[in-house]
Structure formats: structure tokens, C-alpha cells
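Chains A and B, in that order, give the protein sequences.
Start counting the first sequence at 0; every next residue gets the next number (numbering that gives the first Met the number 0).
Start counting the second sequence at 0; every next residue gets the next number (numbering that gives the first Met the number 0).
Incorrect hints may appear among the rest.
What the hints assert, rightly or not - Only pairs whose alpha carbons sit at most 16 Å apart, straight line, appear in this in silico EDC-like list of lysine to aspartate or glutamate:
no., chain 1, residue 1, chain 2, residue 2
1, A, LYS5, B, GLU183
2, A, LYS175, B, GLU1
3, A, LYS92, A, ASP51
4, B, LYS182, A, GLU1
5, A, LYS182, B, ASP28
6, B, LYS16, A, ASP29
7, A, LYS16, B, ASP28
8, A, LYS176, B, GLU1
9, A, LYS102, A, ASP117
10, B, LYS5, A, ASP29
11, A, LYS101, A, GLU86
12, A, LYS149, A, ASP29
13, B, LYS172, B, GLU126
14, B, LYS5, A, GLU187
15, A, LYS149, A, GLU190
16, B, LYS5, A, GLU183
17, B, LYS176, A, GLU1
18, A, LYS5, B, GLU187
19, B, LYS92, B, GLU123
20, B, LYS92, B, ASP110
21, B, LYS175, A, GLU187
22, A, LYS16, B, ASP29
23, A, LYS5, B, ASP29
24, B, LYS16, A, GLU179
25, A, LYS5, B, ASP51
26, B, LYS5, A, GLU179
In short, the hints are calculated from the structure, not lab data.
As the structure is a computational prediction, the values presented were derived from the model and not from experiment.
Number of protein chains: 2
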Amino acid sequence: MERRVKQQIAFILEADKLKNVIRRNYLTDDSRRENTAEHTWHTTLMALLLFDYAENREELDLLHIIRMITIHDLVEIEAGDTFIFDEEANRNKFGRENQAAKKIFSMLPYDQGKEYYDLWLEFEKEETPNAIFAASVDKIMPVLLNTRSKGTSWREAEITADKVFNTLKIIGKGPKKIQELLKELVKESREKGNLM
Amino acid sequence: MERRVKQQIAFILEADKLKNVIRRNYLTDDSRRENTAEHTWHTTLMALLLFDYAENREELDLLHIIRMITIHDLVEIEAGDTFIFDEEANRNKFGRENQAAKKIFSMLPYDQGKEYYDLWLEFEKEETPNAIFAASVDKIMPVLLNTRSKGTSWREAEITADKVFNTLKIIGKGPKKIQELLKELVKESREKGNLM
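Using the sequences and the hints given, assemble the complete structure.
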């Protein structure tokens, strides 16, 4: 096997570990917490479905968005999942994940490793139209799962509606339809008692 | 919430069930069998990585390939996972999955449901260049995981190298690099005793 393929295979096998990284939120049937690999698939599906609602389609590249979503959580293999409402853990999140990104993407052939690191960084910065769309979808997904399940991860941490709006501010820059969805889901969660 | 968004949200929540559909093969750490949602993410990642090896790039559309991969296994929510080497179960697989596809994609707004059903059918038929590339990646993935783990799902079913080559014939129409990879992985699996 030539060196390039060997590197790619080693990376794919390393990526397998993302299936054992456990997030805070539960599946909608409340049977168990979600892992990051399956979350990423679900987010990709949602991005494909909700792309229709992007107002600035001419600025967006859906393939680029999907690439970002697919690779952005690989850093969790090294850095673990950081609960979005854990302010303390989020203070040094970028530093920890940046180190992890350098480590994992350097397993790839240089050109691909650089491309993936740049995609990761673009997603994290949430500045480009593509990254804002991708982040909006990534952030609305656990809100949906928490609302349409018992919301255990929110209840455990006594999350408030204000905290959701403040923490997910990036959605305010995304498609209006996702902003509306956030408001409706938060309202529903408050009514059910999933959010304080 | 308007009807279109309601339908899309209901579909996304239904899709959550794919995280509880269990495949035969194990993770590379042999800790548990893989679920279909995380398999789909892993396959998307591999398709992005190996697209460089497609010889007929001008005939291919990577976004279209990713769309097919992302949605093609949703039928398993209704029809369950069918072990690729189970000849009996594979005889009526298309019929069962076709019914499942009609059911699940009809949850979506008509235009999107039709688009996704057509993507599913294209993937299943393995005729277009995009479907052949997508199927090649989807089929090589469990070979990689079975080779670089204890290969328990192959050992349990006493799978032979010939059976792998005969069952995964579609890879013969895919990128040469994936064909070579299949040969090397099968050789490695025979040496380890994962394949008979």
C-alpha cells in the first residue's frame, strides 16, 4: 500500500473512535446519551434538509458546508466533548481543540491535512457565510432533541431559556427559519419543563 | 410552525431511530457492534477522503454522492439492517426496503420526499457513476473495520475471501485504488484468520 493511502486509512481508523465519544444529550427515546459520530450524521441530514431556508444561497456552497460538518467534531477524539453550557470548560476549549486538530489532521497527507485543519478552523470561527450556516444547524440539533425528549441533559444542568438564547447567539446570524425554530422549541421546552 | 417545517422536523426525529439500528460488524476496538447512523457518517468521511482516486471525476458530483450516502440507509429504520452475506435475507431485501423508502420519505414535503426517494433508488441500482462511487465506499468500509479488528462478524458467519469478492462485485466498477485496497485488506484478513 502506498504511503498516501496508508495515511488515509490510519486516519479513517482513528476517526472510528468518535463513535465512543459521548455527548450530554440523549436520543429522543431517552434510551442513552448520543455519541458524536451519529450526531454528526444527523446534523448533515438536517443541513441538507434546511438548506432551502438559507437566504444567501449565492454566498453558500453546500458541499463545503457538509465537509465542515463532517470533520468539525473529530477533535473530540482527543479533547472530549465539551458541554456547550459549561462556561468553565468552554474557556479553554479553543486551545484544547486546536491542539487536537493539529494532531489528528497531521495524520493525513500534508495537502489533505491542511485542507481539513482549515475547514475545522473556519467552522470554529463562525465568520464566513458557510460556517454560520453550518454552525446554526449544528447548534439547533441538540435543542430539537432536548425538546422532543425528556430533556434530561438540560434538566440535570438546570439550563434556562435565557442561557440557551445567550449561548446559541450564532443562530441569530443564520437563516431566519432556524431562528424561528429556536424560539418555538425553547417555548415548547419551557412549557414541558425541560428548560427552566 | 408552518406545515413544511413541521414535516421536516418530524422526518428528522424519525431519522433519530437510525442510531438504534445495529449492524453486524464491530467497531475497531471490538467494544460493540456499530449502529447505522455512525456508519453513515464514517462512510461520508471516507468518500470525502477517497474522492481523489475517482478516475472519472468529470462524470461525478461529490455533493450528489454525499447526499446519496447520507440518506441511503434510512430505510433500515423500517426494514432493519440486512447482513450483506445473508443470501436468504438479501433475496427480498429490495422489496422490503422499497416499501420502507416510500414510507419514510413520504413524511417529507412532496418535492423533497421525491428527491430523496430518487436518491435512494439511484444508490440501490448501482448504475450511475455517482452511485457506483458511493456504493464502492459504502462496501469497502466494513471490510476495513473487519480487517483491522478481530473480524468477529466475519468469523461468526464463517465468511470466505471468495464470498467477499463475489458479494462486493460493485467495487470492481469503482475506483482502481478501492479495488486494490479490497485485495490488500482481504489478504490481510486471511492472514489474520478473520476470513476463511
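Here is what the structure says about each hint:
The straight-line distance between the Cα atoms of A/LYS5 and B/GLU183 is roughly 11 Å, inside the 16 Å bound, and the hint therefore holds. Simply put, A/LYS175 and B/GLU1 have alpha-carbon atoms about 13 Å apart, close enough for the 16 Å limit, and the pair holds. Of the pairs offered as hints, the one joining A/LYS92 and A/ASP51 is violated, with about 32 Å between alpha carbons and a cut-off of 16 Å exceeded. For the suggested pair B/LYS182 and A/GLU1, the alpha carbons sit about 14 Å apart, so the restraint of at most 16 Å is met.
At roughly 41 Å between alpha-carbon atoms, A/LYS182 and B/ASP28 are farther apart than 16 Å, so this suggested pair is violated. With a C-alpha separation of about 11 Å, the suggested pair B/LYS16 and A/ASP29 falls inside the 16 Å cut-off, and the hint holds. Between the alpha carbons of A/LYS16 and B/ASP28 the distance comes to roughly 8 Å, so the proposed pair stays at or under 16 Å and holds. Proximity of A/LYS176 to B/GLU1 is assessed by CA-CA distance (about 10 Å); at most 16 Å being required, the pair is judged to hold.
Distance restraint check for A/LYS102 and A/ASP117: the Cα-Cα separation of roughly 13 Å lies within the 16 Å cut-off, and the hinted pair is therefore satisfied. Of the supplied pair hints, the one linking B/LYS5 and A/ASP29 is violated, its CA atoms being roughly 21 Å apart against a limit of 16 Å. In summary, the hint linking A/LYS101 to A/GLU86 is not supported, as the alpha carbons are separated by about 24 Å, beyond the 16 Å threshold. With a C-alpha separation of about 7 Å, the suggested pairing of A/LYS149 with A/ASP29 holds against the 16 Å cut-off.
For a cut-off of 16 Å, the pair hint linking B/LYS172 to B/GLU126 stands: about 10 Å separates their Cα positions. Distance hint between B/LYS5 and A/GLU187 is fulfilled; the C-alpha atoms sit about 14 Å from each other, no more than 16 Å. At most 16 Å may separate the alpha-carbon atoms for a hinted pair to count; A/LYS149 and A/GLU190 meet this at roughly 12 Å. With a C-alpha separation of about 11 Å, the suggested pairing of B/LYS5 with A/GLU183 holds against the 16 Å cut-off.
Note on B/LYS176 and A/GLU1: the hinted pairing holds, with a Cα-Cα distance of about 10 Å set against a maximum of 16 Å. Between the alpha carbons of A/LYS5 and B/GLU187 the distance comes to roughly 14 Å, so the proposed pair stays at or under 16 Å and holds. For the proposed pair B/LYS92 and B/GLU123, the alpha carbon gap of about 11 Å is at most 16 Å, so the pair holds. With a CA separation close to 26 Å, the supplied pair B/LYS92 and B/ASP110 exceeds the 16 Å bound.
Proposed proximity of B/LYS175 and A/GLU187 is contradicted: the alpha carbons are some 52 Å apart, above 16 Å. A hinted pair counts as satisfied when its Cα atoms are at most 16 Å apart, and A/LYS16 with B/ASP29 qualifies at roughly 11 Å. Taking the CA atoms of A/LYS5 and B/ASP29, the gap is near 21 Å; set against the 16 Å cutoff, the hint is violated. Distance hint between B/LYS16 and A/GLU179 is unfulfilled; the C-alpha atoms sit about 25 Å from each other, more than 16 Å.
In summary, the hint linking A/LYS5 to B/ASP51 is supported, as the alpha carbons are separated by about 14 Å, within the 16 Å threshold. Distance restraint check for B/LYS5 and A/GLU179: the Cα-Cα separation of roughly 12 Å lies within the 16 Å cut-off, and the hinted pair is therefore satisfied.
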